[in-house]
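*Asks:* My request is simple: use the sequences and hints to build the entire structure.
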Amino acid sequence: MGYLFDPNNWEWLVTSNNFEFLFEGFLVNLQIALIALIFSLIGGLALALGRLSRNKLLAFVAGLWVDVWRNLPVLLVILYVYLAMPASWREAYEDAAPAFLPDVLQTGRVFAALLALVLYNSAVLAEIMRAGIQSLDRGQSEAAVALGLSYWQRMRIVILPQGLRRMLPATVSQLITLNKDTTLVYIIAIEEVARRGRILTGFNFFGGVQAPLLQVFIVIGLMFIVTNLGLSRLSRRLEIREQQRTGTTVEPVSGLEDQVATVQAR
Amino acid sequence: MSSWLELLTDNFGALASGFWVTLRLVGGSFAVAVVVGTLVAALRIAPSKWLQRLGGVYVETFRNIPLLVLLFIAYFGLRRAGLPINTWTAGIASLGLYTAAYVAEVLRSGVFAVSRGQIDAALSLGFDQRDTLRRIVLPQAFRTVISPLGSITIAMIKNSVIVGGAVAINDLLKEARIIASRTFETEAAFFWAAVGYLLVTVAATVAIRRLEQRYAIRR
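Each protein sequence line maps, in turn, to chains P and R. Going by the numbering used here, the first residue of the first sequence is number 130, and it counts up by one from there. Going by the numbering used here, the first residue of the second sequence is number 32, and it counts up by one from there.
Just so you know, not all the hints are guaranteed correct.
[Claimed, not checked] The calculated label-pair distances, taken between Cβ atoms and stated as ranges, are: (1) R/D41 x P/W281: 49 to 59 Å; (2) R/R213 x P/R366: 43 to 53 Å; (3) P/L358 x R/Q160: 29 to 39 Å; (4) P/S145 x R/G113: 17 to 27 Å; (5) P/R183 x R/Q160: 31 to 41 Å; (6) R/A238 x P/S217: 39 to 49 Å; (7) P/R362 x R/V237: 28 to 38 Å; (8) P/P231 x R/S48: 38 to 48 Å; (9) R/V237 x P/S182: 41 to 51 Å; (10) R/L70 x P/G131: 19 to 29 Å; (11) P/G131 x R/V233: 23 to 33 Å.
[To be verified] Restricting the straight-line Cα-Cα distance to at most 25 Å, the calculated cross-link-like pairs of lysine to any residue (SDA-like) are: (12) R/K80 x P/R362; (13) P/K185 x R/V233; (14) R/K80 x P/V355; (15) R/K205 x P/A216.
These are calculated hints, taken from the structure and not from any lab test. Glycine residues also receive a C-beta, built at the ideal position from the N, C-alpha and C atoms.
*Replies:* Here is the structure:
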């Protein structure tokens, strides 16, 4: 305890720009999470629609794809994509990456990280979306058919607006998990917050004094706790609002951490 | 495909030992998660506001911190602080304490899912507080939480990979990486590791489904 609260071990936080250095790394994590989330939402919607399709083959392939990717450990997916990705893909990404992105996000290895996170999270989100869509009353779809709407009209006007709104709290919860998972890209040497924490503690920057690794990582942990607490507050508020609006209850989606819940009709 | 099979037979010993390490890691962490999770859940439904708050702080802390950061704190951090913690203790403690937060939340929601009428009925039949909890509330609570607990267990199996990624424990993924870097057969090595993890998660899924069919109360 003496070691933990010793002011000498906290000096690094205020000297030079150590905290800024860490915080910039943390922003990289948030950006990776956000970009991965956007593409996962698009991929997840496509997979969910594929799984619910009346075409048996398409439904089977989409279902198998989703079940395989969401049952693999994320770290394994990240490492695999990174090691197996051809160099030409990475170069293509480096050429195509928009210039407004920070330098770290323009490196080719970030493409591997993003692709892996999207592969995993799109599968998870597909399952959440499927549960959201299936929780709708059959009558909604039948009424849309009776009104003469085509498949795409039915999806666009009737089913998706209701189904997707129900999965909003679960999506925010998944964003929390995704946010935590972004630290894993440290393993493929992307300079995000965990890697920067290691850099900060990797050499003796206090003139021979051993770097206070414990304190540095407690600070990094606090960054995540604060951000994710905010997100989980948001998720809970959305959940309550949805319950009041529609009178439905929350049901878990199997295979995910319990936080990932979707709303199902009572 | 034949070279893939060859890679499996050539490195079966290493992969099997990695598989066994993963199972032990998961088993140990599961025990920690259930014990600590139950204690934290007890705190969260305790009659004192302060105890409830303490439980809440535990859950929010361990649920919102990345497991990798937790591992760095528990292993490298404590070692730098002069506490000679070993890799297995740090790994099992981190994964167990992290998962315990989720277990506690599920157990708490399970207790609250038991309807108030059940408790009133038990009390009016002359059960005291302790017997009501032990004979009426907990057995029903347990049966409602089988499915979410199963989800947490599967998530924990997947998270066990992070332990091997951070500290020197040669779990299945670590062994696969070693094979991949030695033979340059990345696809094959990772394929067999993926098969190993899918075996465990699918087995867990089937076991949970069995338990559910036998005991679960659908609400």
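*Asks:* Now tell me, hint by hint, if it's right for this structure.
*Replies:* Against the structure, the hints:
no.: 1; hint: R/D41 x P/W281: 49 to 59 Å; in the structure: 52 Å, holds
no.: 2; hint: R/R213 x P/R366: 43 to 53 Å; in the structure: 52 Å, holds
no.: 3; hint: P/L358 x R/Q160: 29 to 39 Å; in the structure: 34 Å, holds
no.: 4; hint: P/S145 x R/G113: 17 to 27 Å; in the structure: 26 Å, holds
no.: 5; hint: P/R183 x R/Q160: 31 to 41 Å; in the structure: 55 Å, violated
no.: 6; hint: R/A238 x P/S217: 39 to 49 Å; in the structure: 44 Å, holds
no.: 7; hint: P/R362 x R/V237: 28 to 38 Å; in the structure: 37 Å, holds
no.: 8; hint: P/P231 x R/S48: 38 to 48 Å; in the structure: 42 Å, holds
no.: 9; hint: R/V237 x P/S182: 41 to 51 Å; in the structure: 27 Å, violated
no.: 10; hint: R/L70 x P/G131: 19 to 29 Å; in the structure: 27 Å, holds
no.: 11; hint: P/G131 x R/V233: 23 to 33 Å; in the structure: 49 Å, violated
no.: 12; hint: R/K80 x P/R362; in the structure: 20 Å, holds
no.: 13; hint: P/K185 x R/V233; in the structure: 23 Å, holds
no.: 14; hint: R/K80 x P/V355; in the structure: 23 Å, holds
no.: 15; hint: R/K205 x P/A216; in the structure: 24 Å, holds
In summary, the structure is inconsistent with hints 5, 9, 11 from the numbered list given earlier, while agreeing with the others.
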